[in-house]
Every structure is written in structure tokens, then in C-alpha cells.
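Given the sequences, and given the hints that come with them, work out the whole structure.
11 is the number of the first residue of the sequence shown in my numbering; add one for each residue after it.
Check the hints yourself; a few may be wrong.
To be verified - Listed below are the simulated DSS-like cross-link pairs for lysine-lysine, each with C-alpha atoms no more than 27 Å apart in a straight line:
#	residue 1	residue 2
1	Lys120	Lys168
2	Lys338	Lys105
3	Lys246	Lys168
4	Lys148	Lys74
5	Lys357	Lys338
6	Lys357	Lys105
7	Lys105	Lys74
8	Lys148	Lys120
9	Lys148	Lys168
10	Lys338	Lys317
11	Lys338	Lys137
12	Lys137	Lys246
13	Lys105	Lys120
14	Lys168	Lys137
15	Lys338	Lys243
16	Lys137	Lys148
17	Lys120	Lys74
18	Lys317	Lys357
19	Lys243	Lys317
20	Lys137	Lys105
21	Lys338	Lys74
22	Lys249	Lys168
Stated by the list, open to error - Restraint ranges, calculated between C-beta atoms of paired labels, are given here:
#	residue 1	residue 2	range
23	Gly121	Val61	31 to 37 Å
24	Lys246	Thr199	19 to 25 Å
25	His208	Gly70	39 to 45 Å
Hints listed in this document are in silico derivations from the structure and should not be mistaken for laboratory results. Predicted model, so just to flag it, every value in this text is computed and none were measured. Glycine included, every Cβ here is placed at the ideal spot set by N, Cα and C.
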Amino acid sequence: MACRRLRNLKALKIPSSCYGDANPLFSSSNQNYNAFVLVDWRCIWWARDGVIVAGGNGSGNGLKQLSHPYGMYLDDDSQCIYIADYGNNRIVEWKLGDESGRVVAGGNGKGSRLDQLDRPTDVIVDKETDSLIICDWKNRRVMRWPRRNGISGEIIIKNIDCFGLAMDAQRFLYISGEDRVTRYRMGDTNGIVVAGGHGHGNRLNQLYWASYVVVDRDQSVYVSDFANHRVMKWMKDSKEGIVVAGGTREGGLDEFRYGRGNAPNQVYWPRGLFVDPFDNVYVVSSWSHRVMLWRNEASQGEVVAGKDGHESQANPMHGPEGLAFDRKGNLYVVDQWNDRVLRFSVKP
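Have a look at this one:
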């Protein structure tokens, strides 16, 4: 991206923690900022080639391997990432710079015991309780697991279609899945639907397979509307959402083809999400094998990592999934079909 397109650039300071700051600049499902950082999101771009930071040793259950990983949480304070290792029914903690990870939840075969997981899809860290919150997808439950030396977890919400997780500054938990996003006060078992909830469909008050979710400082909810090939934003207390990425109607109205494609104004099975302080949306377009940036109110996106017809052949992505940024602005992507996590460093 050429900085000459932008004017009056100033360094941007982002408040410390989404948990401790009364008015954080933004909150996302996969990060917390626990120190002031210096990132100018209006004039930042990334290296074309990604570097492997986790996995990349083939699909398997060894500590140097992952199997079909999904969501990811990056913790800058401990310099590690937590990975929902879907195919191995476990959560793996991977220190940045290490060659192997450590199982911190599950890993005892798939099942429904309290020391087991069955196809986990997302994980976040609740630093107030120093615990992991896990979407245990196949068991239709959300679990809390001690982050350090936990032998088993506890069920905090059961009988729920869960795919993605987020937590806002007030420690409300947001759970996405199927046709809705539901908000819970921590400790409660009854939630409030804050997006969708009107059956599967492509109307503005509907979602079709809600996957990952992000919550901003105003408690607006952003959700990857997977089968509608779009990203939706639902402002707090609104009755319907607005399309902020994808959603073009080219290609007919078939429910699994609605708007999908590789054009700049399309996303193809959207997954991982991030929203910067200027309401720009970063989204994984999984079947386009790329990460796209949709600037606020833009009608099309820009490719920031992955397949754009000009990418290097070094570590090409295949079926990317989860998405995160560190406090320096470096981009991390779960490269699902290659069973690894890649880092795309900020260009100097």
C-alpha cells in the first residue's frame, strides 16, 4: 500500500487492555493489548512471504504438529499463541520462537468427559481468571480451562451451537454459531441474541452459519457470515445488520453460491476476522486462500496476504482459517490445510 494515498498521518496509540480499560479502542476475539502500542493502521502493509511460527511438519498429533487447526488467540504478554487444534481435539500453546507446542487443554482423545474435547473451533484467554475459554464444537458446549497446569475443564454453557468466541471490555462473552450471535454475562447460562436469530437466510436480519466474531468498543458485533459469503456488522441493540465486506449478489441466489467468488468485491467462505480502530475489516477469504482488507465503507477489498495472482511461492496458504495481529501489527494466519500458523511481518 502506498502511503502517499493518505494524508495527515499521525502515530496511533492503542489503549492497554480490553479488560482493564474503561473505553478501549477496540476489542477482538483473538487479542488483547496489555501495553501501549504504536501502530498506524492507516499506513501499514505486510511482507508478501509468511514465516512458519507453529506446525508445518505435516498433519499429526506430535508436539511439533497440528491437524486441521481452526481459531487462534495471540497473547503478546506471554509471547505465545493458543491454537484450536481441531483434528487432535486439543488446545495447543505455542511459544513464539519454539519448535514445538504444549497441550494445555484436551489431548485425551475425542469425547465428552471434562478432560476431553471434540473438534474445538476457537479459544480465547480470560486474563482476569487466567483461564482459557474454549468452543467445544462437537460437544455443543463452551468450556473454561485453567491456563496453567489444568488437568480438566468445566462446562460454563451447554447445549449451544458454538463456533467462534469474543469477549468485550465489560467481560461479556459473545458466542457465534449457526444463525446467530449470543451474548452472555460471565457466570450466566442464559444469553441474549445480539445478531441474527431469525433462521438461516440472506436477509439483513439473518445469518447463515455464523463463524468468527469480533466486538468493538461500542459493543458492535462483526461476524463472518460464512454461507452468505459476507461480513456483517450489527450495532448494539439493532434489529438488522449491515454488510461491510462481500455480499455481492453476482452468481444467482443458490444458498451455497450466494455471492461467493474471487473478485475484489467478494469473499469466498469468510472465516477469521479483525477490526482496526478505524473500522477497517480484515477477513480471511478461505477458499480464495487469502486475507483481505476492506476499508471502512469500501465497496471492494484489497489482498494483504495470500493468493492475488502475484504472490511468492514461499509458503503459499491453502485454506486459511484463524487470524490475529500482535501489538507491532504483524499478521498471523492459521494456514489450515497446511497444518501450520504463518506470520507476515510489517514492512519497514
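How the hints compare with the structure:
1. Between Lys120 and Lys168 the alpha-carbon distance is near 17 Å, which keeps this suggested pair within the 27 Å criterion.
2. A hinted pair counts as satisfied when its Cα atoms are at most 27 Å apart, and Lys338 with Lys105 qualifies at roughly 17 Å.
3. With a C-alpha separation of about 25 Å, the suggested pair Lys246 and Lys168 falls inside the 27 Å cut-off, and the hint holds.
4. For the hint linking Lys148 to Lys74, the alpha-carbon distance of about 25 Å falls within 27 Å, and the restraint holds.
5. In summary, the hint linking Lys357 to Lys338 is supported, as the alpha carbons are separated by about 11 Å, within the 27 Å threshold.
6. A C-alpha spacing of about 23 Å is found between Lys357 and Lys105, which places the hinted pair at or below 27 Å, so the restraint holds.
7. The straight-line distance between the Cα atoms of Lys105 and Lys74 is roughly 12 Å, inside the 27 Å bound, and the hint therefore holds.
8. Pair hint Lys148 plus Lys120 holds up; C-alpha atoms about 9 Å apart against a cutoff of 27 Å.
9. Proposed proximity of Lys148 and Lys168 is supported: the alpha carbons are some 11 Å apart, at most 27 Å.
10. Straight-line distance between C-alpha atoms of Lys338 and Lys317 comes to about 24 Å, which keeps the hinted pair within the 27 Å bound.
11. For the suggested pair Lys338 and Lys137, the alpha carbons sit about 20 Å apart, so the restraint of at most 27 Å is met.
12. Between Lys137 and Lys246, the direct Cα distance comes to roughly 25 Å. Compliance with the 27 Å bound is thereby established for this hinted pair.
13. Note on Lys105 and Lys120: the hinted pairing holds, with a Cα-Cα distance of about 25 Å set against a maximum of 27 Å.
14. Of the supplied pair hints, the one linking Lys168 and Lys137 holds, its CA atoms being roughly 22 Å apart against a limit of 27 Å.
15. Our distance criterion of 27 Å between C-alpha atoms is met by Lys338 and Lys243, whose separation comes to about 26 Å.
16. Taking the CA atoms of Lys137 and Lys148, the gap is about 26 Å. The hint holds against a cut of 27 Å.
17. A distance of roughly 20 Å separates the Cα atoms of Lys120 and Lys74; the hinted pair therefore holds under the 27 Å criterion.
18. Annotation: proposed proximity of Lys317 to Lys357 holds, straight-line Cα distance about 18 Å (limit 27 Å).
19. Between Lys243 and Lys317 the CA atoms are separated by roughly 26 Å; this keeps the pair inside 27 Å, and the hint holds.
20. Distance hint between Lys137 and Lys105 is fulfilled; the C-alpha atoms sit about 17 Å from each other, no more than 27 Å.
21. The hinted pair formed by Lys338 and Lys74 meets the criterion: a straight-line CA distance of about 26 Å does not exceed 27 Å.
22. Distance restraint check for Lys249 and Lys168: the Cα-Cα separation of roughly 26 Å lies within the 27 Å cut-off, and the hinted pair is therefore satisfied.
23. The hint said 31 to 37 Å for the Cβ distance between Gly121 and Val61, and at roughly 35 Å that hint holds.
24. Checked against the hint of 19 to 25 Å, the pair Lys246 and Thr199 passes, with Cβ atoms roughly 22 Å apart.
25. Taking the beta carbon of each, His208 and Gly70 are about 42 Å apart, inside 39 to 45 Å as hinted.
Of the numbered hints listed earlier, not one is contradicted by the structure.
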